[in-house]
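Top to bottom, those sequences are chains A and B.
Sequential numbering from 40 applies to the first sequence in our numbering.
Sequential numbering from 5 applies to the second sequence in our numbering.
Hints may contain errors.
Claimed, not checked - Listed below are several chain A residues computed to face chain B (Cβ distance under 7 Å; list not exhaustive): (1) P163; (2) G165; (3) P194; (4) I199; (5) H204; (6) G227; (7) L243; (8) V309; (9) G312; (10) S540.
Hints are computed from structural coordinates only; laboratory data are not their basis.
Backbone N, C-alpha and C fix where the C-beta goes; we use that ideal spot for every residue, glycine too.
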Amino acid sequence: MSSSLTGILREGNRIDAQRPWQRVIVKPKTWNQAAAQLVEGTTILLGLWADTDAVHMALLNEEPVDIAVITIECVDGRFPSVGRHHPAAIRFERAIRDIYGLEAEGSLDQRPWLDHGHWRVKQPLGKRVEVLSPAPPYHFLQAEGESLHQIPVGPVHAGIIEPGHFRFTANGETVVRLEQRLGFVHKGIESLMVGADLARAAQLASRTSGDSTVAYAIAFAHAVEAAFDLKVPARATWLRALMAELERLANHFGDFGAICNDASFSLLHVQCGMLRERILRVASSNFGHRLMMDRIIPGGVSTDLSRDGLMQVKSLLAELTSRLPRLVELYDNTASLQDRMVTTGILQPELARKFGAGGYIGRASGRSFDARRAIRYAPYDELRFDIPVLNEGDVNARVWIRIREIEQSLAIIDQIITMLPHGPIAVSVGAPKGASEGIAMVEGFRGDILVWVRFDNSGRLTRCHLRDPSWFQWPLLEAVVEGNIVADFPLCNKSFNCSYSGHDL
Amino acid sequence: MRAPVTEPAPSPDQAASMELARAVGRSARRRLGRSLSIREVDAGSCNGCELEIHGLNNAYYDIERFGLRFVASPRHADVLLVTGPVTKNMRQALERTYSATPSPKWVVAVGDCALNGGCFATSYAVIGGVGEVLPVDLYVPGCPPEPSVILRGLLALLEKS
Ligand code: SF4
C-alpha cells in the first residue's frame, strides 16, 4: 500500500533542515489538494500552526504510517482555509489569526478564539498592534426553536478543575447545543519559547499541561534530539518510558475514579484515589518529584533509578495488579453505575476518525491510533503491548479503554523492570550543526502530542509549536453532548477529560 | 470491598500530617467553629497544582477530617485557594469570584506561578502572581506544592488570622 502523502510531497519543495519527517513548501493548489484528502479521509490532520508569514500543516497517512508537514507561504497575510472544508481545522485557524494575524481565506468562522480582547496587543507573534479599546462582545452561535433556554457555565466551574465556558442550549432537560469558549488559561507559551535556552524551553514544554508533563517533556526532547541529530542512551529511553507509563497509570486511575464519582459512586473514587497516590509517592521517592516534572531533558533523563527504586516500582506493580480486578468487578457489577455510563455521550466512530481523535476518546470509538505503536519510538519497538479498541463510543467504553490501558501499562512496566539496560542516562546536547528543525509525536495518557521546533544558524530556538490532543477532542465533546440530558454533561466531560491548559497554551 | 479501606500512609510525612491534623483541628475550631470552606480557583495554571489540590481529598490526606472542605460556590466559601499565574483572560472571572465570596475571607495563593507568575511571568498574556489582582493572605510555594505542604499552608493561615 502506498501513502497518499507521496503525491503531495512530490509537488513541494523539500526543506532539508527538518527531521525525521519531511517538510515541503507547497503552492495553494497542492495545499487545497491536501485539504481535499482530509475531507475524503485518506489522511488525518495532525496539526495546523503558523510561523512568520507561513502556515504549516502536519498530515498523517495511517496505513502505512507516514507523516509529513506541508507549508504554505502566505501572500498578504493570507492562506486558503482548510477549516472551510474540514471542520477539525477551524479552531486552529481562529487561533492562528489571533496569535499571528494570518487570515484563513474563505473561513466560515471569523470569530476570535484565544484572544478575548484583554492582552492590549493584537497578533502578539505576528505584526504586533497595540490595542487599548475593549473587545466587542463575543457572539455565541444561535439555536432557534420553541421552549429553548440557555445555561451559561463557567469559566469558573464548581469542581477543582480548569476554567472554560460552556454555553448550553436546552429544551427542558435535553441539550440541543453545547458551545465551548476556551482560551481563559492562555499563557502565551509559544511566545515565551522564542529565544529561550534549552533548559527553559524544556521547563515551559513540561508545563503546557501539568497532567501530561512527562509526555510533553519526552515529545519536546524528541523534537530537539531530531533537530540536533542526537542519539540518546538506551537506559534513558527506557527510564522515559517508565515515567510515561507511571504518568499514564496515575491519570487513568484518577479518571476512572473521578468518572464514577460524577455518577455519585464515591467508593471507586476513593479506591482509585489511593492507588493514584501510591503511584505518585513511588514517583516522588525515586525520581524526586510526584509528577516527575523536569526529569526528562533533551539528551536523556536527569534522574537515574537505583536498585532499591526498581524494587519499589516492582512492589507498586504487584499492589496495583492485585487491586485492579476487584475495582473493575465492582465497576462492572454496579447497576446504578452501568445505568449512567452505558449509551451516555456516544461519539460516533466516523466523527472520531474525521477529527483524528486520539487517546481513549478515539480508541473507544474504533480509532486504534497510538503513537507508541504507530511510530514505535524507543523503547516501544522492543516492548510487547496491545492497543485496546472498542466501537461503542459511550462513557462506558471510554472507562473500559482506560481500564484496559491500565492493564497494558502494568504489563509494559513489568517488561521495563526486567529489561532495563545499564549505562549512561544522558548525553550532552552540544551545539546544532546549522539551522535545523525537529518534529516529534509522543503518546500521552490523553492521546498524541505533537511538538515542532526550529533552531536558527546560531542554535537559537526560533519557534516551538506544542499541539495538545485536546484540540481534536474538545470539539467532539460538543457533538457528543447533543441529545443527552444536562445532568449527564459532567459524566461526558469527565470521560473526555480534555486539557484546558494544553489547548489554550 | 464493602467499606473503603483507608491504609495508613506509608510515607514519612505521616507523623507530620498527624501533628498538622491536631493543630488544624484546634485552630479551625477556635476561629470558625468547626469548619473552613474552600473554593478553588484556577486563574491560569498548567493544571499541575489542581492535581495536588485534588490529592488533599484522597484517603491519605482526607482533608475533610480537619473540618476543611471544598465547596462548589464562592458564596459558600471562607477561603479562595487560587492557582496559576493570573492570565489576562482570567482576571475578570477571578475578581468576580472574589467579590462573590462573603467576608471575612482569605486568599491562599498556591504554587510558584501564583506567587509571581512563575515561568510564565513575562508573557503578554499573563498579569503575574495572584497578589497583583487580589490581597493574598498566604503563599504556598512549590511547582506544584505537595498536598502535605498545602495542608501546612492552610494551618499557617489559621494561625495567622
Ligand atoms: S506552579 Fe507549577 S504546577 Fe502549579 S501551575 Fe505553575 S507550573 Fe503548573
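Hint by hint, here is what the structure shows:
Among the interface hints, the one on P163(A) holds; its C-beta lies about 5 Å from the nearest C-beta in chain B, closer than the 7 Å criterion. With its C-beta approaching chain B no nearer than about 12 Å, G165(A) sits outside the 7 Å limit, and its interface hint is violated. With a least beta-carbon distance of about 5 Å to chain B, the hint placing P194(A) at the interface is held under the 7 Å criterion. The restraint placing I199(A) at the interface with chain B holds, with a minimum CB-CB distance near 5 Å, inside the 7 Å limit.
Of the supplied interface hints, the one on H204(A) is violated, with its beta-carbon coming no nearer than about 9 Å to a beta-carbon of chain B, more than 7 Å. Below 7 Å, beta-carbon pairs count as interface contacts, and G227(A) has one with chain B at about 4 Å; its hint therefore holds. The criterion of a C-beta within 7 Å of any C-beta in chain B is met by L243(A), whose closest approach is roughly 6 Å, and the hint holds. This hint holds: V309(A) has a C-beta 5 Å from the nearest C-beta of chain B, less than the 7 Å allowed.
With a least beta-carbon distance of about 4 Å to chain B, the hint placing G312(A) at the interface is held under the 7 Å criterion. The restraint placing S540(A) at the interface with chain B holds, with a minimum CB-CB distance near 5 Å, inside the 7 Å limit.
In terms of the numbered hints stated before, the structure departs from hints 2 and 5, listed from lowest to highest.
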